[in-house]
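Visitor: Listed here are the chains, written in short residue letters.
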Amino acid sequence: MKRTIYRYGPLTRVSHWLWVIAFGVLVSSGLQIFNASPHLDASDKSNPARRVLSIGSPTDGVGTTTVFGHTFTTTGWLGWGSDGMGGATARAFPAWITIPSYQDLADGRRWHFFFAWIAIVCWVTWVISAIVNGNLKKMLLRPSDIPKLWPMQAYYLKLRKEPPPHGLYNPLQKASYTAIGFVIAPLVVITGLALSPGIDAIANPLTVLLGGRQFARLWHFTGMILLLGFFAIHLFQVLTQGVVNQLNAMITGRYRLSEHEVES
Amino acid sequence: MKRRIFLASAASLLAGCAPIGTALNNNMAFMRVIYSAEKLDEAVIGTRGLAREYPPSAVDRNFRVNGFATPSDALYQGLVADDFRNYRLVVDGAVERRQALSLAHLRAMTQQTQITRHDCVEGWSAIGEWSGVRLSDVLALAQPRSDARYVVFRCMDNDGQGTMYYESLDLHQAAQPQALLALTLNGAPLDPAHGAPVRLRVPTQLGYKSAKWVARLELVGSYANIEGGHGGYWEDQGYEWYAGI
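Chains as they are written, first to last, in the working numbering: chain A, 1 to 264; chain L, 1001 to 1245.
FYI, nobody ran anything at the bench for these hints, they're computed from the structure. Predicted model only: the values in this text are computed from it and were never measured. Each statement offered as a hint is correct.
Quick list of simulated restraints, FRET-style, between CB atoms:
| id | chain 1 | residue 1 | chain 2 | residue 2 | range |
| --- | --- | --- | --- | --- | --- |
| 1 | L | Asn1027 | A | Gly87 | 19 to 27 Å |
| 2 | A | Val121 | L | Ala1023 | 21 to 29 Å |
| 3 | L | Ala1023 | A | Phe230 | 25 to 33 Å |
| 4 | A | Pro10 | L | Val1033 | 19 to 27 Å |
| 5 | A | Gln173 | L | Gly1187 | 58 to 66 Å |
| 6 | L | Asp1159 | A | Gly229 | 36 to 44 Å |
| 7 | L | Pro1189 | A | His234 | 54 to 62 Å |
We put the beta carbon where it would ideally sit given N, CA and C, even for glycine.
Based on the sequences and whatever the hints tell you, model everything.
Guide: So, in structure tokens, the structure goes:
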């Protein structure tokens, strides 16, 4: 007999989907902003000698991507591709992934800075509700969880019959919630703020600590890559563990337990 | 099968943002909401603190030239030809004492030197050593009237289609001690490409605020009736008037 439980409250569901929209917009508008100066330097001021990533178009019709001095031809994807208006042009990230699709730094920045606030509101809501409902303590990774990380992974890989004993969240869940929610997401906000001259004037040491303005831009981009990685893993898990039930739960709040699942 | 579904959903979720976003980007009412974040940013960050000052070793000797082309009209070329002897920085509008300051006058005033980073809205940064007169000292000579709220910088360059460059600061931003009317870059008088003879430096905001080829400071109560009405050339193209972020 399968049973249905009420798993997600309205606040969780609304902030989850709001966060999905905000994250999509922040990535797309962020790539639009990146396109205005498609280089990342490990330095304070721009410095080609410390260039980590550069996307360009050496000649019409050719796109190249240079990572740590190694150049790859990436025509059609990076450096040269659709201009969003039916033609092709030199641009780092292609039109189909940027907001707006055509080159428009001014509006890209507007979108980015509006949805940055939405993302921050989602994050604060999430942390406050985790504190209020007592989940925060169950969610944070503790030193005692570290030896259980591999046994949990081994269980997922079917190398082990039983998961290691754990509370509401298993050690891998705790590790990813802690890393994403309390390390990477805040760092993405902080590194983004460090790019702004107004914040730099208020909090000089922050930008200095990050290695300077261009370095902050590199960290900000790296943070986005890590969040995209989390998004990919999350999506994989949802799609492989009963996608209809999972989606339904995040929309209506009601989750159907499978036969061996315990209520949690 | 599952892998294909996974890859397809991941790609379509990301690629779905762009067309929807682009469609909304043309919706005026929606974009008014999006643009409203600027007010929040200005309220939260504002203009406080000082931009970091660097040691001389940090200076970019070949400071990047960006922005509009050096003015090529007869008026500007005439000023260049006689070494800006006929140049006057006009300070007028809502002021008690209109000023027309020669370069010699500006050079005789107290000079400030700053080695600061120029942060372009495009994302790049460069460091230069700038010397010149504090904006607040020049404004003090003209004595802004009580109805003056903004100083509008009228420049000698244009976008190639006849629209002249201009910028504006409110009087709080103009009083910021690093807001400088720069006369030199890296120890030499500004060359035409870098905004000769006078350019603005506002290191606590993005580079487009730091107008080059400044000819006139006009004090106004509102910039709503100037050009596109948003307080600056790039502001009229959708960029933020508050350029601290």
